[in-house]
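**Q** The residues making up each chain are set out below.
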Amino acid sequence: MQRINANRIYLTLIIALVFQILPWSGFGLYIHPDFVLLVLLYWILRAPKLCSIGTAWLSGLVIDLATGSLFGQNALAYALTAFFAVTYQRRLILFTVWQQTAYVFLLLIVNQICLLVLKLFAGGENPGWLYFLPCISGILLWYVVAFSSVGSHGKSKNN
Amino acid sequence: MDQHESPSFFIQGPSPFSRLVLFAALSISLMATDSRLHYLNEIRQGFIVLLHPFQLIANIPSNAFRSASEYFISQKTLRNENSFLKEQALYQNSELQKLGALKEENDNLRKLLGTAKSSSQPVKLAEIMYMGRDPFTHRIIINLGSRDGVEAGQAVIDSMGVIGQITRTYPFSSEVTLLTDKDLAIPIQIERNSLRAIAFGHGRDNTIDLPYLPGNVDIRKGDKLVTSGIDGIYPTGLAVAEVVDIQSNPNSPFAHIVCNPIAGIENHRQVLVIGFDKRNVDLENNIESNLKAESTPLKSNSKRNSPPKSHATH
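Here the protein sequences line up with chains A and B, keeping their order. Each residue of the first sequence is one higher than the one before, starting from 4 at the first, in our numbering. Each residue of the second sequence is one higher than the one before, starting from 8 at the first, in our numbering.
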């Protein structure tokens with residue numbers, strides 16, 4: 004069984020960041036999932052000691068800087084989402100894939116709603132229902148990743 | 008997976024909730040600092056420089072795709088395009104000859120009248136790197152930054168008309184707020200009768216609004232809006248938009264006028280950044296201080312029924 008070290012977490016976060024800042028255009032902008040958040044949630048469920056609310060908050064700050072949005076906006080949303088993930092982490096790792104997927108979907112929606120509230124406070128406009136498309140694409144991606152990781156998890160248990 | 012080996016039943020360190028409270032407080036204070044006090048611009052600029060290599064990596068796939076598709080372009084398309092461009096150059100050259108004579112004449116007339124010469128503003132060619140991250144704000148990122156002399160407040164145009172205004176500069180890139188963004192205002196003039204007004208982006212469906220005009224205003228469908236040039240940012244006479252719909256509501260003293268931008272706001276890769284007119288340095292400082300102050304959001308302006316003085320608030 005391989006141990007998770009912090010470097011691996013940071014490396015995957017950086018890769019997720021590169022995915023996040025890919026030059027999306029057109030409809031891709033509406034559907035592209037929040038890669039960094041997905042990677043964060045993955046590590047929060049797998050290694051809550053190494054990756055927790057603080058890591059989420061810092062990654063949120065990096066996203067704020069990279070995307071040019073209001074400083075601290077994504078940081079707050081990520082911290083809140085990470086909090087909900089950490090609180091139920093012990094139960095979550097015992098869930099089946101479907102239950103886990105449903106819970107992660109809820110977390111993605113929480114993140115999106117938190118961002119929406121902050122943007123509306125900052126004087127943004129109501130974006131409409133398309134705003135929640137990243138949750139759906141995100142959960143599809145999560146499902147693929149969770150499937151593969153649960154598979155390896157089962158194997159390691161057998162070992 | 009290591010926590011399965013040694014599950015810790017007790018939470019170590021501060022509880023998740025107290026951590027959340029701490030980080031939430033931190034981010035709220037950061038948001039307040041960023042939106043009201045503008046202390047964090049330097050940090051943002053420095054970080055963007057650090058992020059630049061990652062951005063270049065992220066741009067590789069799309070650049071490779073584009074160059075590949077350019078490589079496999081057929082000879083016929085190239086030939087067609089070439090002949091079209093030659094034809095266009097011919098027409099434009101003949102127009103240009105007339106323009107030179109007219110300019111000379113205009114300068115002479117201005118000299119006779121004793122007014123200042125209309126100065127030309129320097130222009131730089133920039134390329135759009137990518138659309139803004141947030142599909143619900145209308146921003147694009149171009150490849151010229153403060154190192155190339157681009158400053159916040161400068162106008163950005165394409166071959167057909169105005170696209171928007173630079174709202175934030177980084178060393179290697181800058182952010183352009185498009186005309187259709189809710190937070191961008193542009194002083195315009197109706198080409199037909201030189202009526203001056205200020206146009207605002209509508210935000211949602213790529214249109215531009217003309218608020219603050221009375222219900223009986225002399226505007227018709229199909230009227231062309233051009234820049235008035237009184238702000239010293241946009242040169243005079245650039246095409247901005249075309250009126251597509253006018254509704255006058257008896258309950259409101261103002262007409263509801265909807266316009267479509269003329270420039271291909273989402274079609275081009277190359278745009279031109281127009282530098283400031285040297286005579287208008289004072290004005291530029293004014294705008295910059297407005298940009299920095301940013302304390303009057305457009306909402307309060309629209310309640311006041313008077314056009315705001317700043318041309319860009321973001």
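To be clear, the hints were calculated from the coordinates, so they are not data collected in a lab. It is possible that some hints are incorrect.
[As the list claims (entries may be wrong)] If you want the footprint, here are the derived chain B segments under chain A, 3+ residues with CB under 8 Å:
| no. | region |
| --- | --- |
| 1 | 35-42 |
| 2 | 66-80 |
| 3 | 95-104 |
| 4 | 159-171 |
| 5 | 226-234 |
| 6 | 253-259 |
| 7 | 262-272 |
From a predicted model like this one, the values you see are computed outputs, not experimental measurements. Yeah, the Cβ is synthetic: ideal placement off N, Cα and C, and Gly gets one too.
**Q** Each of the hints needs a verdict: does it hold here or not?
**A** Outcome of the hint check:
no.	hint	verdict
1	35-42	holds (count 7)
2	66-80	holds (count 3)
3	95-104	violated (count 0)
4	159-171	violated (count 0)
5	226-234	violated (count 0)
6	253-259	violated (count 0)
7	262-272	violated (count 0)
Hints 3, 4, 5, 6 and 7, counting from the list given before, are not met by this structure.
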